[in-house]
Every structure is written in C-alpha cells, then in structure tokens.
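Here the protein sequences come in this chain order: A and Z.
Residue 606 is where the first sequence ends in our numbering, and the numbering goes up by one at each step.
Residue 606 is where the second sequence ends in our numbering, and the numbering goes up by one at each step.
If you're looking for bench data, these hints aren't it; they were derived computationally from the structure.
Just to be clear, a hint being listed does not mean it is correct.
[As the list claims (entries may be wrong)] Pairs of lysine to any residue, SDA-like flavour, derived with a Cα cap of 25 Å: (1) A:Lys-356 - Z:Gly-430; (2) A:Lys-356 - Z:Glu-117; (3) A:Lys-356 - Z:Asp-121; (4) A:Lys-427 - Z:Glu-265; (5) Z:Lys-356 - A:Arg-429; (6) Z:Lys-427 - A:Glu-335; (7) Z:Lys-427 - Z:Glu-286; (8) A:Lys-588 - A:Arg-577; (9) A:Lys-588 - A:Arg-429.
Nothing here was measured: the structure is a model prediction, and the numbers come from that model.
The chain contents come next:
2 protein chains.
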Amino acid sequence: MGHLSTPERTLGSYATVKYPVIFSLNAMAFELRNRDLLGRIGRLSTKSGSVETPAFMPVVNPLKQELSPRTMREEFGCDIVITNSYIIKKNFGDDTSLNVHRLLDFDGVVATDSGAYQILVYGDVEASPDEIIEYQQGIGSDIAVILDIPTGWDVPRSRVEWTVEETLRRAESALPMIESDETLWVGPVQGGAHLDLVERSAKEVGAMPFAIHALGSPTEVMENYRFSVLTDMIMTAKLNLPPERPLHLFGAGHPMMFSMAVALGCDLFDSAAYALYAQADRYLTPMGTRRLEGLSYLPCSCPVCRNRDARELKETLKGERVRLLMEHNLHVCMAEMDTVKQAIAEGTLWELMEARSRGHPSLATALRGLHRYRDDLEMFSPQYKGRGVFFFGPEGLARPEVTRHLRRLERQFAPSLSRDRLLLVSAPEGRPFTKTRQYSLLETALDEGPNPVPRAHICFYAAPFGVVPEELAETYPLSQFEVAEPLDARTLFFTAESVTRYVATSAYSEVLIHAGDSLLDSLVADACREACEERGIRLTVVSGPKQWGVEVMGRLITALKYGK
Amino acid sequence: MGHLSTPERTLGSYATVKYPVIFSLNAMAFELRNRDLLGRIGRLSTKSGSVETPAFMPVVNPLKQELSPRTMREEFGCDIVITNSYIIKKNFGDDTSLNVHRLLDFDGVVATDSGAYQILVYGDVEASPDEIIEYQQGIGSDIAVILDIPTGWDVPRSRVEWTVEETLRRAESALPMIESDETLWVGPVQGGAHLDLVERSAKEVGAMPFAIHALGSPTEVMENYRFSVLTDMIMTAKLNLPPERPLHLFGAGHPMMFSMAVALGCDLFDSAAYALYAQADRYLTPMGTRRLEGLSYLPCSCPVCRNRDARELKETLKGERVRLLMEHNLHVCMAEMDTVKQAIAEGTLWELMEARSRGHPSLATALRGLHRYRDDLEMFSPQYKGRGVFFFGPEGLARPEVTRHLRRLERQFAPSLSRDRLLLVSAPEGRPFTKTRQYSLLETALDEGPNPVPRAHICFYAAPFGVVPEELAETYPLSQFEVAEPLDARTLFFTAESVTRYVATSAYSEVLIHAGDSLLDSLVADACREACEERGIRLTVVSGPKQWGVEVMGRLITALKYGK
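Okay, chain A solo, but in the shape it has when bound:
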C-alpha cells in the first residue's frame, strides 16, 4: 500500500469554488487510509474524537435504551452512535443546557438525525429547519443533519422533484447558520430511484460546503430487495458528489449489504434494525435475516450464540430474549463491518461481495449489474494488492484488475519493433507464466540453432485477462491469479474478443498460435483468423492433442524458424 502511505486529502472539485472558507475546515475532517474498489478505510475527525470508517452507527433511542451506548462502546466496539434530535427536542426541549453526550452517557462520537424520518412517516414535524439546526448545535451533536425532505418511495415524480428542490433550498439556507461550526454537517441527497434527480441533487449539494453527504430513502428499496436500484442510486450519488467527502447511506443497517454498499463508496451506515428486528424475534446474519422460530441452530460465533443453543434462546423470556437478539444483531453488524474493512485492507472486497451475494439472487443480480460501472470501479481501486485475484465467473469481468489490464494493453503497451511476429500460446498452469517449464522450453527452442529472423514475441492468452505479453507476465495481477473451472461462455467470449482486439490493432506482420485443445483455444484461433484476415496477415495455427509434446513442438519450431 505504499502509494497510500500519505493520507489522501484531495480538495473537492466543486466545493472550493463557491464556499472556500468553511470547506477548508471540513476538508481536514476525513483522511483516507486504504482503498479497494470505491470502498475506503478513513478516519473522520469530530470535536468529540475520531472514528474509523466505514462505520455502522447503531440508532439509539434517546428516551430508553435496552442496550446503553456506554455498553455498546465498551462491549461492542461502537465508537459512534446516532440518535434523533427531534425526539430529544420534543421531550427535553425546555432544558437549554441539555447535552446529547450526557443524555446518552456516551463519550464517543454522537451523530444526530433531524426528524426528516418523522416527516416521511407523519408528513411533517413541529419544528422549522432553522430550529432543528440550532437545536442540534445546542445539544452538542458531533455530526448533524439539516431537516431535509425524504423522497420516499412510490411517489409521483412531481413530488420527487419537490423533495429534491426543497432539500436543496434548505441546504443552501442552512449554510450561514452552520458556518464556522465545529459540528460536521451532513448535506442529504434525495431523488429516490429517479437517477436524473439524484444526479442533480448530488451535484448541487456537493457544491455546498458540507463535510459529509448522505443518500436518502434507500430503506424501502432494501426492504424490497431491489439491490440493483440501490446500486444505481448509490453510484449516481457517489459519482456526482466530491469523492473525498464521506457518504452516509441513511437507514441502512443490514449486514448482508455492507460489503456492496462500501464497495460503491458508502462510508457511514445507520439503522435501528438490530433493535427493531430483535423485538420481532428476527435474527440477522451476513447472508440474510432469519426468524428465531425457524432456527434449529445458531449459525454464528458471537458470544450470545456460543453461550446457548437455539432452543434455549427460543425459550428465554421475551424481555431477556429481545436483549440477547439485540446483542447478537449488533455483534453481527460490527463483525461484518470489520470483515469489510479487512477485505479492503487485503484487497479482497470483490471476493467478499461475491460470497455475500449468495444470500439472495437480487444481490447477485445487482453484483452482475456493476459491469456498467467497471470504469469507475477501476478508477478508484488501487493498482496493487498483496493478494492474488480470485476469478469465479462472469461477475468478475467487472473487476478493476481486468479493466485495467485491457486498458494498459490498449493504450500503454507496444511490443519491441524488432519482434514483428506474434507467437500466441495458451496459458500454462503455473504462475507467473514466464517461470514455467513450458516457457523455458519455448525460449530455449527459439534461441538455439539457426535463427534467420528475429525471435517471435511470445504472448500468452488466458481467461479473463486475454493477452498476457511475456514482458508483463510477472507483474501484478498477471503473476498471481486463480480461475475457477470450467469457464463460462461469457468469459470465454470476453477473452477471445480481447485477443482479437489485440491482434487487430497490433503491427505484427505474422501470427502463430500454439494452442491446446480446449474450447478457449478454438475460440481464440477462430477470433485470430478473423483479425488476421482483416489485417491481411498470415496466420499459422500449430496445435495437437499434446500441446507440449515432441511432435507439436517440432512443428512449431519449424514454423517459427523456417516459416512453414
């Protein structure tokens, strides 16, 4: 991770233009430490201390807690919680000395919501946007949200437009009040599933000097398992907001989607699901939700589940059972966030997404849909990871490593001019390809004896990367990747197509293929034939049942050295 050893603090692309003063303060609030895909590990500094992101913020009821915020910090590792300033105001509004940290007895970071959720549920709240801002300042919130208007779900477009416009108006008119404030203010993005409105909302609010942004209204989308819609909403917001600001996904608290949401650039999550689900005897897992009554075993390693069995948990009296389920649910959320962070640190966030997507077909559908964001995934993902790439199937074609290799081949790679003949070889099993016995055999054969013309340029072809020139075979990720067999048709064609593209756009005067007898081999031969015909150059295919046997190798060397 050498290229990340200096924390990244890029200044925002929009924010500095209109509001230079406040932004310079807020820009210091978020330091990036590690990345994978659009996911990142960061440190968010607030006036009550800093928290590491991505972070799950449990929603804490300000009036009554089954699990105290102090316990959450000490036993669950929650350094940040979120509570509702509007409910506090309604209940303790007269007490002007009230401080939210003291109220919750919590010395970590406290974020507060504004009552916007209550607008969504009840239509309106009994407080003005200004009052809500002042109140959050007064009670000492570390992270606070303006009183935005949630878009909601299944509402007419005119209503959606109004929620976007009104939220932007409120954001803009909040600015004088939050200027030079130590609180980190959140600028919400609305628009629901109307991506053009999400884009407009994100661009406009992203141009204002908020420290954090939040994407509203994903709850219904998630509850209905419309994860493809959710990924579009997140990506639209993310790509139109200043990338260096943290993005909060409002009301998202199911561990099954943490990996995907983080991979798309979400940094903060809040939810009361751990508690609400517990009250309904629902048990969270990173693969989905289970009803307690449907559990014969407790599929979890948390302290709650290791200290009792399913029958005991089911027979526990309601109050205690809710508390135990709440603890389990919170452990699972916190552990999954650590799992996501570890995946970012080691560069395996894609693999984690693939595993978690087996929790529900709609998650797998959403993962497959990421193909259309492959350039964005590539742009934000680090160049090098400590671990090899695991390729499982067509979903993986959207991996940044694949996109980046194809781009490098297309734009930055040119073989030595003296090697104007291409020898395409199907990939041997070992890694790197150039350290295999097969490559040595080829090299020796090409270098010894009469060599009337310059040595051919050896390129391997391998799924999913396509052409792997010998010069690049020992670079990451070509030096270390593993592929699940057998290959699917889409990966085969994707690979063959990129071989054709390489040949069709190259300057070689001649192509030789030294292939085995797999489906990929015959597809590549067909693809090359088309490319060579198009370029009007000669193609020789040397293959046989034993690719590296004496007979085939003899023919290959003859073809390479004597041109026949």
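Put chain Z on the given structure of chain A with help from the hints.
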C-alpha cells in the same frame, strides 16, 4: 419435515449378509433426523452418551492441553473430542486401569485414533493391530479405529493397492475382537485418489459390521486445495458404503470445506488444525486461512475477536496469543458446523456451499464438478423444503430440485388428453405463475366467447426448470424460486433444451408459443421449431415487443381460437 418425523433406520444393504449379529447392535447407534443433499443431521449413540452429527471433533493431545476438554465442552459446545490411543499407550501403557475419560477429565464422548497417522509419518508403530484394538477397549474409548494403513499421497499404485488390501485384512481380522463390544468401531476406507481402489475398499469394508466408516488420506488433498479430487474421493466412498452408517473424514478440520463435505455425506470431522494453526499464528475463517500479521481487523464475531482488535491480538505475548487464536479457531469451527446444520434444517445447504465456494476458485471448481453427481444428490435430498430455491447460475443446475423436476416431467407427468394443443408462455415475474395477472388474462381469454376446440394446455417456460405445466405451477419448488439475472449461456441452453425435449416427446398435435423478447424467448422458439419439425406438427409463434399488450394478445387469441 413431516416425511422425516420418524427417524430413518434403514438396514444396511451389504452388512446384514455376512455379519448379522453385531450389525443389529450398531444399526441402532445412528438415527437420522434431517437431510439436505447427502448431508444429514443425525444422533450417534455411544456408551458415554450421544452426540449430534455432523460433528467436529477437536484433536486433543493426551499429554498436554492448552485448552482442556472440559472447557471445550462447557465453553465451546464440544460434546465429542478425539485423542490418540497410540500416544497414550506409549506414555501410560503400564497403567492397566487407565481410562481415557478420566485422563482427559472429559465426560462427553471420546473417540480415539489408532496410531495410523504415526504409520503415515514414521513408517511404522511399535504395536500390533491387535494390541491397539485391545488397548482402545481397555481405556474405554467410545469410538475407536482399527490400526489401518493410510494410503498417503504421491505413492506408487502398487503401494496404494497394498494399503487398501492390508487395511481390509486388518479390518476383517479385527472383527472377532470387536464383536459384542460396546465401543463403536470405525472401518477405514483407503485408496487415496485412486477411485477404483477407493470403491473396492469401501465395498469390502462396508460389508463388514462396522458402526462407522472413515475416509483416509484427505489431508494432503485439502492442503493442496485439490477439492475436486476430494469430492471424487468422498463420493466414491459414500456411494459404495452403507448409506445409513456415519462417515468420518479423517483429519479434516478447515471450516471452509465443512459445508461441501457434509453435503456429500460426511458426518464426522477431526483435526488438530485449530491448535496447530494457532501455534503458527494462523487464523481460520469459513472463507479460508489468514496469517495474523496480515490482519488489520478481526473479521469474526466470536468472543475473542469482539473483545479486542487486531493490533491488541498481535501484541499479546506468544503463549496467551496462541491460546486466544486456538479459542478463535475452535469457535469458528463450531459455529460453522452449526451454520451447516442450520442450512440442512432449513434446506439451504446448496446456497451455503455456493457462498463458501467463493473462498477459493478450487472450491468453486469442485462445486461445479458436482454436476456429475446430480442424480445421487437428487436421490438423497428431501422432496420438500420450507424455503424457496435460490438460483444463482450454472452451478445450480446440479441442484436436486432441478434434476427432480426434469425427471418428474419426463416420467410421471402427462397432460390431459383433451388438451392436445400446447400453449408455451414465457414465465411472468410473480410466483406461483398461475396466481399472476398474466395467467388470469390468458385463462379468461381462452374461456370466454366462442371456443371451437378444447382449451389449450398452458405451460410456462422458465430457467432453470424448463417447462412448468400449469398443473404443477403451485407445487414446490416451482411455486417459490428466485433467479439471479442476467442468465448465463449454459443455463439458457439447458432450459431451452429441456423445453425441446418436452415438446419432442409429447403427444401434442400443435404448439403455440407466446413469448417476450429475451434471449431465452428466442432460444426456446428456435428449439421448439426443431422439435416440431421433427414431430411434423404445426408451430405458431406469437410475440412482439409488448408480450401482454393488446395487439399481441389479440393475435394470440385469434391464433388459439381460430387457428390462424
């Protein structure tokens, strides 16, 4: 699970022939309670109590324990442990009153190994097979293994043959000694990756009255991630042993392969990996192994990992750190086994395998290879599960639900003779298909107004099941399944092919297709065209961009009612 409410105690197919007496005792030792694929939840009764399977048996060093067996039972839920009788004999051989439960201070079930592992490592042991049997009886083992000869790995076939023959000889000559013994005796299967020898070994030892069988020598296969070889070894052993006897997979203790091994019929697992890995600062997860030094976060919800962070764990002094890692590793193994059991209970073992196979491409390769065992998977899997089937891609084509539907369609289903015209409709989004608006629309249109010929037989087509006749649409699993989009080529062709087969072998006099405009729609239309040409019957395809629009529906009804 009504069909399983009576425990299954089928008598063995081989065992009753030659050795009727002992077997009747041992047959009572294992009761099946629940099944999924070839996996099952069972209860194994021993003289010291019963244990539920599948069970992970931690290997306990009889001389020195970092974690006492009593703690393992009380804090980790291990009701069964395994230790090495040969090491006990070497160290305490003079003490004829020694009892293994007292030695380990463990009142659960104790299995003992025979020293065969020491043969593998050191070439031989200082005890005869008879002595080892007597010794295990003497110390009161609940489950004991004869002194077999492990095949090992990378040894010449002649050596493999000898290990198989010698193990069988020893098994046979052990029989008089273990007759009417309360100990449950394990008959090992050898043969390594030589499947013909595994088959012979399993058939022969399976014909002897052992209570339990064990498959030897998988350790090297697993350490080299050759999971396809492992699945072949397991399936060959399993299908040639009496299915009602528990199968122990020797030396298997990595949680990443529990789901697959259980799905193929393994019931018992033993390993010292939880301890050995801990000593080497290695951290187990259900997705693979991590080095402690590579962990920036602890991706686990176990008590060890929730009470500290990665830095604290790394900075803990060696002795304490090993103990903590051992605890973590053991928690993970026990929790994964509970996860596997819960998956069996709810019928989601296939989904769990798919998720876990994302831990390494070779696991995914092995999962794909299960296609060749699809008939066996189908035969042992229950007919009905409480939950809908999740279909993620081509791997899922080997699911028992798919195999069973195709078989039912082929062998047991015949449409009413009066409905001799087939109306094939692409599947609507809702479930069951016959409860959708689209089906009502069709039914209404077909039933009202002039109806010169009998109403057509409506069948839906849907991946991965192929043809879904209206009569079956509300039965499991056709009534509840979810499919990840977009479909891969293999699934598309698989589906289209089963539609063709249905049409080609049917007695319909005419076929109408009412299709949308997806790739599956056009493939099915092409496939039907071939089948109809072959059968010499008329095919009408009614389709258009709006499948359920007025124009297309009008044409469809005209075609159905007036034959044009």
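Taken at face value, is the distance from the CA of Arg-429 (chain A) to the CA of Lys-588 (chain A) at most 25 Å? With Cα atoms ~33 Å apart, Lys-588 (chain A) and Arg-429 (chain A) exceed 25 Å; violated.
Does the alpha-carbon distance linking Lys-427 (chain Z) and Glu-286 (chain Z) stay inside the 25 Å limit? holds (21 Å)
If you draw a straight line from the CA of Lys-356 (chain Z) to the CA of Arg-429 (chain A), is it 25 Å or shorter? At roughly 20 Å apart (the allowed maximum being 25 Å), Arg-429 (chain A) and Lys-356 (chain Z) satisfy the hint.
Regarding the pair Lys-427 (chain A) and Glu-265 (chain Z), is the alpha-carbon distance no greater than 25 Å? Judged against 25 Å, a Cα distance of about 24 Å means the pair holds.
Distance restraint between Lys-588 (chain A) and Arg-577 (chain A), which requires alpha-carbon spacing of 25 Å or less: Not OK: Lys-588 (chain A) and Arg-577 (chain A) at ~30 Å, beyond 25 Å, violated.
Holds or violated: Lys-427 (chain Z) and Glu-335 (chain A), Cα atoms, limit 25 Å. holds (16 Å)
Compare the distance between the alpha carbons of Lys-356 (chain A) and Asp-121 (chain Z) with 25 Å, and conclude whether the hinted pair is satisfied. holds (21 Å)
Between the alpha carbons of Lys-356 (chain A) and Glu-117 (chain Z), is the straight-line distance 25 Å or under? holds (20 Å)
Does the structure keep Lys-356 (chain A) and Gly-430 (chain Z) at a Cα separation of 25 Å or less? Holds, at about 24 Å.
Figure legend: structure checked against the earlier numbered hints; hints not met, in rising order: 8, 9.
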